[in-house]
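A.B. asks: Note that the sequence shown covers residues 80 to 642 in the working numbering.
In short, the hints are calculated from the structure, not lab data. Because the structure is a prediction, the values reported are computed rather than measured. Worth double-checking, as some hints may not be accurate.
[Claimed, not checked] Here are the simulated DSS-like cross-link-like pairs (lysine-lysine), alpha carbons at most 25 Å apart as the crow flies:
no.: 1; residue 1: 349; residue 2: 220
no.: 2; residue 1: 202; residue 2: 299
no.: 3; residue 1: 302; residue 2: 368
no.: 4; residue 1: 204; residue 2: 299
no.: 5; residue 1: 270; residue 2: 302
[Said to hold, decoys possible] Pairwise CB distance ranges, derived in the manner of DEER restraints:
no.: 6; residue 1: 262; residue 2: 422; range: 52 to 62 Å
no.: 7; residue 1: 186; residue 2: 262; range: 17 to 27 Å
no.: 8; residue 1: 236; residue 2: 289; range: 21 to 31 Å
Ideal Cβ positions, reconstructed from N, Cα and C, are used throughout, including at glycine.
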Amino acid sequence: MRNSSLFIILYRMRIPFLVIIVAYTIAITGLLIIDGRDANGNPYHMSIFDAFYFVSYMATTIGFGETPYEFTYSQRIWVSISIYITVVGWFYGVGSLVRLLQDKLFLNEIEKSKFRRQIKRLKQKFIIVLGYNQITSEIIKRAIQQDIRTVVIEKSEERGNDLLLENFTPTVPLLIADAHSSVALEEAGIKKHNCKGLVSLFEDDSLNLRIALTSKLLNKNVKLAIKSTTENHSENLKDLDVEIIANPFLIISNEINMALNAPNLLKLEKWLYKVDTLNSALPLFPKGKYIICGFGRMGKSVYDKLKTNNIEAHFIEIDSNKNIDYIKNRTTSLTYANADDKDTLIEIGIRDSVAIIAATNNDTTNLSILATAKKLNPKIMTIVRENEMEDFSIFENANIDHIFMPAKILINKTTNALINPLSDVFIRSISNKDEAWAAKLVRRLFETIDENPLLFEVEINFEDAPEITRYLKTKQELSLNIFRVSLHNKELKNNIVPLLLLRNNEEFLLPSWEFELKLDDKILFACDLHAKNDMEYIAQNIYEFYYALTGKEKRTILKGLFK
């Protein structure tokens, strides 16, 4: 039954309803049978309406007097009996109703009905977020800032209450259900045309894979952002055509690789993720011996990048039962011991090492490791994995050189890929560029715009750029230069750098201003706020577009009348 709350009401209240109906029937029947007297003393029988009317107010209020005539003693005796019959029936009915209103199943169904109505009324673009925690809370906030609604499915009622207490504006619809349930996903609107994405960032890779499979079967066009921490699961997700695979440990290792080979690339990435500005310090990593504390997913991923760069690495792992098959056929060293033990660190060469990476899944252990390492080698570079977002202030005050937080990396990767898809494509496109290319782009952005340029994405279609689309549909040519024009003075150029043009899945990095536009092109610009406003006007306003194209004011009806 679609309306389960109505079904529960009918099912739970059927006996109370029957009790009240039987009580009324008995009371009314008695009044119909018993002889009464009218105002002249003549015998009469109450009509069924009079009997029903009297029993109705008698059963609920016990008052208002006798009607339509004064009762005989026989009628009064029967009314006295009927009072107890009907009142007991009402007490039973009201008690059953109170129990129903406290029933958890009924309340859940009421919430589900409310949720379905919210989803039905949802007309804006929205994404479905599975699970509510600190990570997904930040994703919701960033989506709302970009005018993208969110819908949350959360299994835990306690976490669901945390979401309600956040009091997001606009409201975030919440469904208490299993995230992997196909019924829950359908109720959350995964099949709706305005559902633009789904986020699944659970710790369990198998659960994420199951959710990805279910989601693609329900809607093959929905964009998925799925967390994966192993190579095997990442490959499985690729086979399902999952667009966004967020592996925080692979991202961390790639960032370390950039810092070793092309630090300006890492600076660009941090700017795109809004972590740093283009004027921040260059993230330089030394080459030499590295000590990696923690033989886990992050440690292994970082180790692979270090070996690619021919950098010596030594593992320290406290759990002697961990599988060492990973380092078979690899030239490395592994010591089983406490990583914050001074003797162990001295033995493996802490004083000759250039960097130490605390990569365990325990923040206290990581801080202890680095504190010990700093005492033994004050010049050593400290790199740490921070697991809990609440500990950020502690890590900041610990004077650590580089902090990598998987939670924030997931937030940046997911929101960037879902909300700013061209920015995510740009990050992937520049990953193989060298330091000279990256340094040149950083300098160009800094000199053309400022230390923290804004990003602006536009697609040449009737929704994003109607005026440019209409112009191109007349088969006339138009170049990127149209976006560069200042609406205050056509002779001036705005502070803009075109970063990427995407055409039929073909990527054009740093296209020139003479690059010809085509329908359905997707373009990513770096700019300042003034230039962003001008580009929006040029793309959407017929008068501003005409001025940018010709340098003349387009005549309106009013201008023609008053000229």
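A.B. asks: All hints are to be evaluated individually against the structure, with a verdict given for each.
C.D. replies: Results of checking the hints against the structure:
no.: 1; hint: 349 x 220; in the structure: 20 Å, holds
no.: 2; hint: 202 x 299; in the structure: 20 Å, holds
no.: 3; hint: 302 x 368; in the structure: 42 Å, violated
no.: 4; hint: 204 x 299; in the structure: 17 Å, holds
no.: 5; hint: 270 x 302; in the structure: 12 Å, holds
no.: 6; hint: 262 x 422: 52 to 62 Å; in the structure: 58 Å, holds
no.: 7; hint: 186 x 262: 17 to 27 Å; in the structure: 19 Å, holds
no.: 8; hint: 236 x 289: 21 to 31 Å; in the structure: 22 Å, holds
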